[in-house]
Every structure is written in structure tokens, then in C-alpha cells.
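Here's the letter readout for the chains.
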Amino acid sequence: MDDWDSWGMLACLCTVLWHLPAVPALNRTGDPGPGPSIQKTYDLTRYLEHQLRSLAGTYLNYLGPPFNEPDFNPPRLGAETLPRATVDLEVWRSLNDRLRLTQNYEAYSHLLCYLRGLNRQAATAELRRSLAHFCTSLQGLLGSIAGVMAALGYPLPQPLPGTEPTWTPGPAHSDFLQKMDDFWLLKELQTWLWRSAKDFNRLKKKMQPPAAAVTLHLGAHGF
Amino acid sequence: MALFVVFQTTFFLTLLSLRTYQSEVLAERLPLTPVSLKVSTNSIHQSLHLQWTVHNLPYHQELKMVFQIQISRIETSNVVWVGNYSTTVKWNQVLHWSWESELPLECATHFVRIKSVMDDASFPEPNFWSNWSSWEEVSVQDSLEKGILFVFPKDKLVEEGSNVTICYVSRNIQNNVSCYLEGKQIHGEQLDPHVTAFNLNSVPFIRNRGTNIYCEASQGNVSKGIEGIVLFVSKVLEEPKDFSCETQDFKTLHCTWDPGTDTALGWSKQPSQSYTLFESFSGEKKLCTHKNWCNWQITQDSQETYNFTLIAENYLRKRSVNILFNLTHRVYLMNPFNVDFENVNATNAIMTWKVHSMRNDFTCLCQIELHGEGKMMQYDVSIKVNGEYFLSELEPATEYMARVRCADASHFWKWSEWSGQNFTTLEAAPSEAPDVWRSVNSEPGNHTVTLFWKPLSKLHANGKILFYNVVVENLDKPSRSELRSIPAPANSTKLILDRCSYQICVTANNSVGASPASIIVISADPENKEVEEERIAGTDGGFSLSWKPQPGDVIGYVVDWCDHPQDVLQWKNVGPNTTSTVISTDAFRPGVRYDFRIYGLSTKRIACLLEKKTGYSQELAPSDNPHVLVDMLTSHSFTLSWKDYSTESQPGFIQGYHVYLKSKARQCHPRFQKAVLSDGSECCKYKIDNPEEKALIVDNLKPESSYEIFVTPFTSAGEGPNATFTKVTTPDEHSSMLIHILLPMVFCVLLIMIVCYLKSQWIKETCYPDIPDPYKSSILSLIKFKENPHLTIMNVSDCIPDAIEVVSKPEGTKIQILGTRKSLTETELTKPNYLYLLPTEKNHSGPGPCICFENFTYNQAASDSGFCGHVPVSPKAPPSMLGLMTSPENVLKALEKNYMNSLGEVPAGETSLNYVSQLASPMSGDKDSLPTNPVEPPYCSEYKMQMAVPLRLALPRPTENSSLSSITLLDPGEHYR
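Here the protein sequences line up with chains R and Y, keeping their order.
For the first sequence, position 57 matches number 57 in the UniProt record's numbering, and the numbering has no gaps at all.
For the second sequence, position 548 matches number 548 in the UniProt record's numbering, and the numbering has no gaps at all.
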């Protein structure tokens, strides 16, 4: 299973690296449309999905049982402020591209804030490093989504004043509830990344240029 | 009397009422019941905080009072704690008192009441307890937020090993609540239908992120909610160990300690314990930033004594250690510097160094360590600032490492760090003569002397040996000494000396000079003294040798031997008073023979061979068996011999041989003993004790019997390897007799044959004279003389048979045509008087197949007359032909008139002759029918005399057909072969 993970990560990295030089090259040859940046965002999502799997394992072990137990599935009573990734299938299908991208952007903006709070709590240096690295990657994903939205001509959602989520080490929260929040944060992140992969895949297919254009694109890059 | 009783009763009643009045007055004067009791809670510390006042206290007066407090839980009758609290109370004072509950306050309602009593000396006895105050109820549950399940206490911090009570409050009693500690379910005590408490005894430290305890409310399988707490268990703070302070410069005190376990907890619940230094004389305090050391600045030069307290502290505990010391007693010097060496020569050097100056009158104690040649020398020296030490008795050409450390000489606290440097002493001339030995090979006219020497040890070489000088001086004739310089690392040289006495001096030389000389004298007499070799037994430890002392003065003895398999000469010098030694070396191998020679060294340094010893460090069984020859085999005995077997090259001394004999006989032969072989089979064994006896006659054997023999040598370690037995079969008794008869007979026959050979000419002439040669016949000269000078005689070998005429006889004589040559050879000629024809094999390259004549019925008369003709007698011969041949005269005529002429007329292509038998039957010209219809000889035919006849005479015309027909008589295969 770990081997598969490693191969998956490697494949994702390779794909990301493959496409990185392609973007400016495409810009030189003409406007390629939002396709490549959607692909890039999709690949980044998959890479983050994998990265989170490893990070969540370490962090939940750090929290201790029952949070690191594989079958621990508590009812979600707290953590109401976290954006929910789960949505009814019909609702999800009915979403238009703009709404879909806006929801993604908003969700990751919130989750990134919470994640930074997590980083402050972590006691071990190694865990802090892993969290910081993941935060940077997530920031990158947020930028990618913004790029896609810009390419499609959608405006970025403006955060309402006062609703900016902040991490507060409040005494109101007991340590157990904080741990529970952390648990849910990681779980939501996982679900969001899974959902985003689906979203971008759908968008990618939708935005895919005709076959002739693809051939031209491949030829231009010496394939 | 009655009056008295009434009076008495009245008195008592009065007294009683007086007493009652007095107490009422007192109580009324001091109504000390606690009032205004208020109870508050502290959830973090799980404590109840009580405050109350006491009324009616005298103004400006402090009274000592005792308060009894009762605490009940859940209901007032359930008293969980009763205790007294003594204090002095002032007028109008609000009293405070706290009580910590082991059960979280949120889990149960608590009730508190209080009463008091005066306990002051200013108030005479008796004192009475006041009434209880009314119960004060404390309930935190009411303040709980909305929810279905609560677990308490929230995020408690305790020390490892503490007892903790936790509880949960479930709003809905329908819910089934299960609680887990680190994933394992725990069971508690139900306090009421909503509340259950769990007592955790001696909680362990699991991780610094806290121990998770959670409860889950469920109905059926549906989880209704989950709630938990994190119990932070801190390790017990340890007292700092090895706390000490010292100074290197009288400016800073460096204090160190071993902090022990870090008690920090995650989620900022508890940081690492803090350390604080407190100096009591100056009253200064410093919070240390490091967990195991702290620097204290010395500000007052006058302060010499310090009393330090190190305080370790965390949220739960405080520990401290204390040291009191005089500053001058805690001087830890900085390590010396500028370590150097001066005047270094072969055996001594001066070491210098410096120390950091502390004060004017400061004296250092320094310790010097000198490491070299695997040894360590230590010297102590007292210095001020500049250190110097004379290092003597050093070894030449040796690398040394010298290091120094210093300490305060007046109050030793601890040594400074080491400061060191390496140096190498200079070389000196080698101090000892090399150990020299020789081997002498005497040859006619000279000696070949090989000198060997052992390299000098490092101790004696005093440097790198560059070469060895060998000086050879003739002692018999005055002549110049010969000097040879042999570069190191050679350890031997060869000298060829004539038959004079020579003195050889060997010195080892390094860059500084030469060693003392090692002198050895080679005498003029050849070293061919015959000394008997003695066998010795070695042990694992080596060989123990002893010898008879040499008469006369000796300066010592030398034992030499060769190391195998390197064949390197080794020797050992032994003192003059010693006549035994043990030669032990790891080079000795089992199964290898070592030869030791013991020499005595005379005062003239001439070596004289005294004894020879030979032995094995460990004898082994023979490695091979002899190759045994069996000879002199008779019907009753045979001889075994193995003369070629070398007893010297064996891995042990051969003590003899075992001869094993296997036979069918159950009894062993005389001299043989029964033995059992390693494979379990039985045989007879004969032991030969003399290793040089390499033959054995095995006798008393039975004729025509099979025996198996095996010969193996043996040493003290055992027999040779197992091998196969050799089979020997004794011959028949009569066969020898037969040989006695046959041999003379063969001899006789041979004799006869030789005689016959020698007399062959005579026998030939007697038994089978030569057939006359026609060329040499007298008739030829006669013909030549008379008529034709070109007349030739037909050579038999020139003729080619074309046709054979066969005369058969009814007696079964069978002659077949040439194509069936095989059957002809197989035919048994019952009457060998006939002539038969055979072509010579494989001779078709010549003129053609030739005919061999073998005529046993040679006519004696014809032979006598010298006529080469055959005159068989045949009654059936035709009269014409017969008539032609009947007499020599007729023959002569024919030859003269026709035959000879016709030869000259024969065409060149028809030179072959046709033999025409007188009885030849007419042949058909059909060649195809030939193989299937061979010519059958007519009944009772026989060969007549054949002769070459001109074609014209034999056939009416020499047609092609006739020629063909005659050729086809031959088998086609044979013909063209």
C-alpha cells in the first residue's frame, strides 16, 4: 500500500513538473485557454491529497488515541465553523462552474487559516515543519484556483469584513475539543481535496480543447 | 424535718436557676455562631471556597476560635468530610477557608455547614460549641451549557502517580454512556442516575500531549454524542543533581547541574521546569536561561564565600539544592598554552608551556604525561606562569606525545583540560650487536658460508638500520680484510671461503653509527663430523632439547633448525651453563619433521656440532601406503615387497608395517593374528616392527586359493590410510609340473626349427627343388642358335587369363570360375594333384590378372628333360591336339613352324593370350546369361596341360565376339576392379 502511495506521489510530481514548463511555452505560442491551469490545479490537488495522508497519520498519532484509531468516527457535534465538503450529489451536479470554483476557493481559504493555527499548537519541530510545508502547498492550490477563476473570467469571492476566520486558542474550548477540532479539520481537508479533484476533473473534461488543437499543441512541443 | 427538706429543695432550685441564668448571660454575651456563610467554587482547582463572619466579638480583641466544617455531597446526610479549622478571629473579620474536592464539583451538589467554639485562654472553661449554621448548597451543574454529555474535570494537570477522580454527567438517562481511557473502556461508580464517577489510581505518564479520556453517549447503535477530557500527567520534578560552581578567571562563576527529566507538557499545559540561582549572602537571584548551566557574574572582589541555592520549579512542584563554597577553592584553570620542546636529542628534551595568569602569588600544580612506545610516564611539577620540565631517559628515534594540565596548587579543585604536542627524539648508534648465525656447506676446496642475522629490535636499533657491514678476515694468512656492505632489510648473505680459518664481523648501521660487532669464526676444518641423530618427541608447546656439555670452555650454545615449509634457518642462543632448552614457536606444524642441530661455541667463537635431534611436534599417521609387489608366487606361498617405500618423508616416525591378509580359511596362518577392520570385516594381521624390513614371505597357503593382502605402515599416531586389498590367487599344484614338461618340449621344437633354418638349402634341394627357368633352359640356346634370333619365351607372369577350361572329376572336385573365387578357396581339394588357376588380387594396373601355378603333379620326366610343359594324361583329349602335344618332338615342331611365326603376326591390340583348354565346352556369346549360368564343369573333368596357343590356332577367327565372350567370363566387378 505504501509502495502504491510512493508511486502515486512520484507520478503526481512528475506530472506537475511536466506541465510546469509547458505553461509559459504555451503562452508564447498563443492563448491556450484555461485548460493547462485546470490540469495543473487538478494535479496539485492529487499531490496534496497524498501529502495530507502522510501528515494526518503523523498528526493524529501525536494527538493520541482515540484520534489515531482507524475506526474512530465520532458524530460531528463541534467544529461547526469548518466548511463542510460533503454535499448532496444532486446539489453538487447542479452547481455551475463559477459556484463550484467559488466554494473551493472559500473552503481552502478557511481551512488554511485553521491549519496555521494547528501549526502553532504542534509541539514537535518535525511536525511543525510538515505542517508548514503543507500550508505552503495549500497556499499554492489556492493561487491555482484563483488563476483558473481568472482565466475563466470569474471574480474572486471577497471575504466579508469580520468573517475572516482566525485561530483563537480560546479557554472556552477544552483540550479534548481542540483535539477533536484538529481531527475534524484534517478530515474535512481530506474530503475537500477529494471533492476538488472531482471538481477539477469535471472542469478539465469540460474545457478540453478539440482533438485538432491537442494535436497542434503536442506538435508545437516536439512530441 | 419536712421544713428541712423544703429548704433544701428550694436551695437547689435556686442554685439551678442561678446556673442557668449565668450561662444564658454568657451565651447572650458571646453569640459566636458563624454567620453569613457563603460558598463559591473554583472549577479549575476543584475547590469550594467558604467565607463567613463571627458576630459579637469584642472590639479590638483577637480571640482564638475553632470552626468545625461539615461537607456533604448529593444530600446533606451524606457527609463526605468533617474537619476543624483553628484561627484567631478579629472583630468584624471575614473568614476564608478552601476545600479541594477529589470529585469534580460539576458532578455533584455539595452542602456545607459550620459551627464554632471559643478556644481562647482569656475565656475560662467550659466552652460550648455553637449551633451549626444552616446547610449551604453548592451546585455547579446548573451552570452547564446545553448538551447531552459532560465529562469532568476539564484538562486537569496532575503529577505522575496521583489519584484522580473523573465523572460524567449525562442529561438523558436513556442514553447508554461508555467511557474510555486511551482506547480501553473503564467502569465507574454511579453517583446518581445522571452521574458516574471513575477513580483512577496512580495515573501513569503516557505522553506529554496528555492522556485522552472520552465518553460516548449512544442509544442502541446510534451515537448521540462524544465528550472527553485530556488529563495532563506531568512527570515528577526531580531535584537537580551534581550542582557545582567554579571559576576560570575570578570574573564569572559557571554553575552546572544535571536537570533530570524534562517535565514539559504539550498544548502549553506546562513548560519545562525553570531554574533559578539564588545567592544568599548577596541576596541576588538569577533566572537561568539554560536547563543545565548558568553563569553568575562576580561583582564584588571582596566576596570569597558563596551560598548558592538552585531552585527548580514547575506548575506542580518546587525543588532546590544548596552549595556553600569559597571562591578560591573552585578554580578551574584554563588549559595551558604554548606547549613546545627545546633541545631535543636522542635521549632527552625540555618541555615548556605557559598557564593563564590568575593572581600574582598564584602557584600551579601541573601534570605531564609522556606517551611513547606503548608506555606512559607521568610527572608532576609546580610552576608559576611559565612551565618547564626536563624529559630524560627517552628512547632514541622515537615519537613521543607529551601533554600537560594544571590546577590550583593551593586548593586543588580540578585539573584543567590537556594541552599536548608530539615530538621525536634523534637517532643514536645501534646499541647491540646483531644476532648472527651461519650455515656452512663444505665443498671440495672451499666452504660456502651463508650468514644470517636477525633484525635489531627497535629498542636496540635506535633508528632506521640502513645497512649491515660484514668484514671477513683470514686468520691463517695475513691478508686484507674484505668488507661487504649489505643494504637493509636483507638478513643474510653468502660467502665462499677457501679452506682457511676466517673471522667474520657483522655490524648494523644507521645514520648515526654502527652497532657493536657480532663475531663468528669459520674454522678451516670441514664440518663433517659424524654425529648420530637422536629422535625426540615434541609437544604442543615445542621441543624440549637437552645435550651433553661440551668439554672445554664454551661461550654458549646455539640450536638451529629449519622452519617448514618456508625453509628458513632459525636459531636460538643458549648460555654456556645451560644444557637444555625448549624450542617453542608457532611455526611448528604437526606432521613435519624438524631437525635440530646443537652447536657449542668455543672461546674462539668457532661453532662445533655437538648433537643432532629430530622429531615431530606432533606425529601423524602415514599419509600413504607402500606400493606392494607380489612375486615368487607358488601354489603355497608368495612374497610381498615394498622396497620403494620411503620412511623418511612421512608425517611421523614409521615404526613398522601391518600386513593384512584375507582368505576364505577361518583360521589365521601362523604368525598372523586375527584382526577386525574398520568396516567390521575380519582378517588376519601380521605386524612387522622393523621399518626397514620391507618384504614378507607369506607361506603355508593353499593352492588354487584366492587371497587378499594389504600392507600399511604405522606410526605412533596410527596406520596409513585405508586402501583396497590386492588379490593374489595361488596357482594349481600340477601346473608347475606341466611347465616342467612343456618347457623342454618347446625348447626341443625351437632347436629343430633353428637347425631346419640353418639347413634350409639342403632341405629345399632335398624336398622341393626349384622349377627350371625357361630362360635358362638349354633348349632356348638351341632354338636361338638354329633359326630365329628374336624368339622369346613367354613369361608366366605376363599372361592374362581369358578363358579357363576346366576338367572336372566326378569325385567332387569343384572348381568354379573366377567370379566365384571365394568358393574356390573354400573348396576342399580332395585330390591336390590338379592344377588350379587364381588371378592375383588387385593387380589390374599391370598387364592383367596373373595366374599362379601350383602344380603338385609335376611330371618328373618333363622336369628332368628341362621342358616347361605339363603333360596331363587325359583319355578324352581330342586326338589332333593330343597328338600335337604327345611328344617333345611334336612340340618342338609346332613351335618352329607355326607358333613362333604367329606371335610375330599378332596385332598390337591383341597381345593377350588365350588359354584354351582341351576340354573346354563351346561358350555362348550371351554375356547376360553369364552370372546366372556359370559354367558347370563337365562330369569328371580335370585340368589338362595348358599352353599358350596363337589365336589363330585356338579359334577359327579372332572375331570381336569371341574376344567379348571370353572377357565376360570374369565377374564384372572383379574385372574392372
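I should point out that these hints are in silico values taken from the structure, not numbers from a laboratory.
Hints should not be assumed to be uniformly reliable.
[What the hints assert, rightly or not] What the simulated footprint calls covered on chain Y by chain R, stretch by stretch (three residues with Cβ under 8 Å from a Cβ of chain R suffice, anywhere in the stretch; the number is not a length):
id: 1; region: 178 to 186
id: 2; region: 202 to 212
id: 3; region: 220 to 233
Predicted model only: the values in this text are computed from it and were never measured.
Glycine included, C-beta positions come from ideal geometry on N, C-alpha and C.
> Hint by hint, which ones does this structure get wrong, listed from lowest number up?
Replying inline: none
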